[in-house]
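Asks: Listed below are the residues making up each chain.
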Amino acid sequence: MISPVKIWRRQKEIRKILGKKGKVLLWTKIFTPGIDFKKYAPYPVVLVELENKERVYGQLVDYDNEDLKIGSKVFSILRKVRASSEDGVIAYGVKFKPL
Amino acid sequence: MTSLIGYYTTKFGELWDKSLFDLAEEAIDGVLKATNLENKQIDAVFFGNMLAGVLGNNLHSTSKLAEILKINVPIFRTEAACASGGTAFNLAKTYLDSNSNKNVLVIGAEKMTDYSPEEVITALSAAASGEEQEAGLTFSGLYAMMANFYLEKYHYTEKNLAYVSVKNHYHGSLNDKAQFRRKITVEDVLKSAYVSYPLKVLDSSPISDGASAVVLTNNHDMIKKQKYSTAVLASEVITDTISLKSRKQIDEILATKIAADSAFKNAKISRKQINVVELHDCFSIAEILAMEDLGFWKKGQGGAKIKELSTMYGNGGNLIVNTSGGLKAAGHPVGATGVKQIGEIFLQLTKQAEKRQVKNAKYGLAQNVGGSGGTAVVTILAA
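Going down the list, the protein sequences come from chains A and B. Under this note's numbering, the first sequence has 12 at position 12, and the numbering climbs by one with no breaks. Convert by adding 99 to the 1-based position in the second sequence; the result is the number in this note's numbering.
Check each hint, because a few of them may be wrong.
As the list claims (entries may be wrong) - With a Cα cut of at most 25 Å, we get these calculated PhoX-like pairs of lysine-lysine:
(1) B:Lys-344 with A:Lys-73
(2) A:Lys-80 with B:Lys-344
(3) B:Lys-344 with A:Lys-38
(4) B:Lys-344 with A:Lys-21
(5) B:Lys-344 with A:Lys-16
(6) B:Lys-371 with B:Lys-406
(7) A:Lys-38 with B:Lys-290
(8) B:Lys-344 with B:Lys-326
(9) A:Lys-21 with B:Lys-347
(10) A:Lys-69 with A:Lys-20
(11) B:Lys-139 with B:Lys-356
(12) B:Lys-323 with B:Lys-132
Because the hints were derived from the structure by calculation, they are not lab data.
Same shape as in the complex, but just chain B (with noise of 0.2 Å):
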């Protein structure tokens, strides 16, 4: 059995003095810190970066890490768009699965705010399909296409949207690592500026710069001298068409339902025993959608269920999302929200959330998106 041992990130925002490495050295150090582990100790390391050879010409990272980590060890990079992340953890414990006795380091880290936004936007549609690219899409107008289908065939409005920011910002209020710690309300989302029709300034996850970093062990001794630990049940990558127009449904991301199913049945464990979630909500129809591809809210049922806010930290609910702040207040940093999502369950299930502590939380699960669907990983921790 593979456990996470230890988590550190650093804060998510612009943060101008600092560089992708710099960055990336900040959540090796905090993490090693974090597990009293020292540099020698670490056998592997999975690297979660999308944008950095495209944005700052800045490839082979690997053999940059290696520089910052001192050590001769096999470091491999991930790319699956902003799943990035997500695909690096799971590389990680696919390699303990196949190697005992190891510590395995997993970082995600991203640089965006040196760009303007335009360069920002037109890197990161290097990830959908050539065809959406000429015809002038982005990654909101994908999802805002999928946002118009799903209000207008359950008869929902943007205010249905609306409350998924709202509870965002809440519960990034609550987190010092978050790049927005301001609350806001429905009216402010409806009031912001549209990105793509129906999508506003305050449904969409910003544009961040930030790094996360675990590590996952599978040497049990090294297990016991740990203060935090919690066991890794499952972490499943599916994959599925790069282009929206390929698929039969518009209104599910289905590698995140295959993902899901396939993720639950190996952890043995029931939805109704996971208490904290970390999805993807890149824009506020995705956490809408994602909660019923994963199985938690019924297809259709999402845009009257957010409005209960029941998923929102001290509402009483059994299931509480995104106490991150999720991607749209906590920050996306591509490469990192990954490791960050599984990050933060981490810290949910050891007792370290502070302020936003979800009480007895003993299950937990992550998802992470890449694309407009195009790959999905939903991680499941215990206690």
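Just chain A, with the same shape it has in the complex (with noise of 0.2 Å):
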């Protein structure tokens, strides 16, 4: 279950990781998610390794196919990550653009 309270001590961590470079170590294109993701799908979803060496996870927005490769070159930004909850909160996270 997403709660509001849940939402917002993870949003405490992404501000700590946006605006970052990184490269594709993993990569994948959901075509069947979960509920929270359907309205999405079909969308990839990358492994990053940013400069830093920390690795992070995100999906992949305004890519080409070509960018969907191992070592793609990407960096971090502020997107909404899934459907609002109930309770109207809209949950903020990271994803990734091709650099």
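Build the complex from these two chains, which are given one at a time in their own frames, with help from the hints.
Replies: Structure (structure tokens):
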């Protein structure tokens, strides 16, 4: 279950990893997601290694198919990550864009 | 020494007329009948189940089992995602290691088809890290990431993966308890729709209902009375990070490697002595990684080795893999799978595997995985 408090707690951490460059370590494109992500499918998800070696998961947006490969250069941005909760709180999180 | 003296499994599949506990009851009745045991001869029960709390709002299932069994004994539930059944078996064996002359029942059961695929996918993702869930990753997505990495690193294609499902569907056609009895071709696999690129519907195990049960004992008089028995040489549980991103290697499941090394050491046998294996092919890539991590194939060679189909029944190989049909064709009721795998090895070693009976099978191994590799259970049995 997603509660507003849980979203608030997570979002305190997100600002630290925004606007960072990195490269794609792993990728896939999800065609059959769970409930909260159904309306976004299909969407690519990447695991990115930032320049400080930290590894972060996120969806890739504004991409071309040739960006879907190991080693692609990307940077982190703030985006809505899932459908709004019943309380109306919008869950923001990290996504990536090709550099 | 602990012996496995009986096995029963329900059919796996979309069993709309049966609830979770109908299935568990059928498995219990079946295994008690197979071993000529009465309820009151059971000294403890271990129950593997993952999703009843998340999907069905059913917890305290141990007490429900006591109601079905009409006995008052210790009953424990284990949860380790898709390795819930394997860990239940491991705890049952560990229980017998410290209690003499006892009979222990191990049940694995899951009810999944009452819910929409999206609901089941969401519930299964509870076994991934919070960060993976928040990125919209699913289990097919996590294994797809491993598959993309493996295919690129060792220069294989989706076609190499397809052979896993072709083999396992053939085995499923020989198992009347399997969810899918239909043989498929490499072309069928390649034409099926993507679930998470590069994995397709026919690379993936299905959503299933089912229950499986075995009885373990360390009572020598009981073993003597039984028509069938196999020795449990080793059972090892190893855990690792829940997040794929925290692992050093992406083309291996480290927990499987450590559990296998430890199991072979404790069983005092070599890999070459194993005749039958049931391994965790939740997705086609998982069977290839497992064959390498268990030490049967060299790292990176699995993609080429699977194309030879030497592990398929009837091809004259020394090691036959997933005669039940594996998770792919037999079905994957997640809590039941780990118990069914061990049960299938029991059937092979006691010559009860009918149309898919591997000749002269003396030693067998089962590998059960939870999550993307956060838990692995490796069990070795001897005829």
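Asks: Run every hint past the structure and note whether it holds.
Replies: Okay, the hints, checked on the actual structure:
no.: 1; hint: B:Lys-344 with A:Lys-73; verdict: 18 Å, holds
no.: 2; hint: A:Lys-80 with B:Lys-344; verdict: 22 Å, holds
no.: 3; hint: B:Lys-344 with A:Lys-38; verdict: 24 Å, holds
no.: 4; hint: B:Lys-344 with A:Lys-21; verdict: 17 Å, holds
no.: 5; hint: B:Lys-344 with A:Lys-16; verdict: 18 Å, holds
no.: 6; hint: B:Lys-371 with B:Lys-406; verdict: 21 Å, holds
no.: 7; hint: A:Lys-38 with B:Lys-290; verdict: 23 Å, holds
no.: 8; hint: B:Lys-344 with B:Lys-326; verdict: 48 Å, violated
no.: 9; hint: A:Lys-21 with B:Lys-347; verdict: 21 Å, holds
no.: 10; hint: A:Lys-69 with A:Lys-20; verdict: 19 Å, holds
no.: 11; hint: B:Lys-139 with B:Lys-356; verdict: 39 Å, violated
no.: 12; hint: B:Lys-323 with B:Lys-132; verdict: 17 Å, holds
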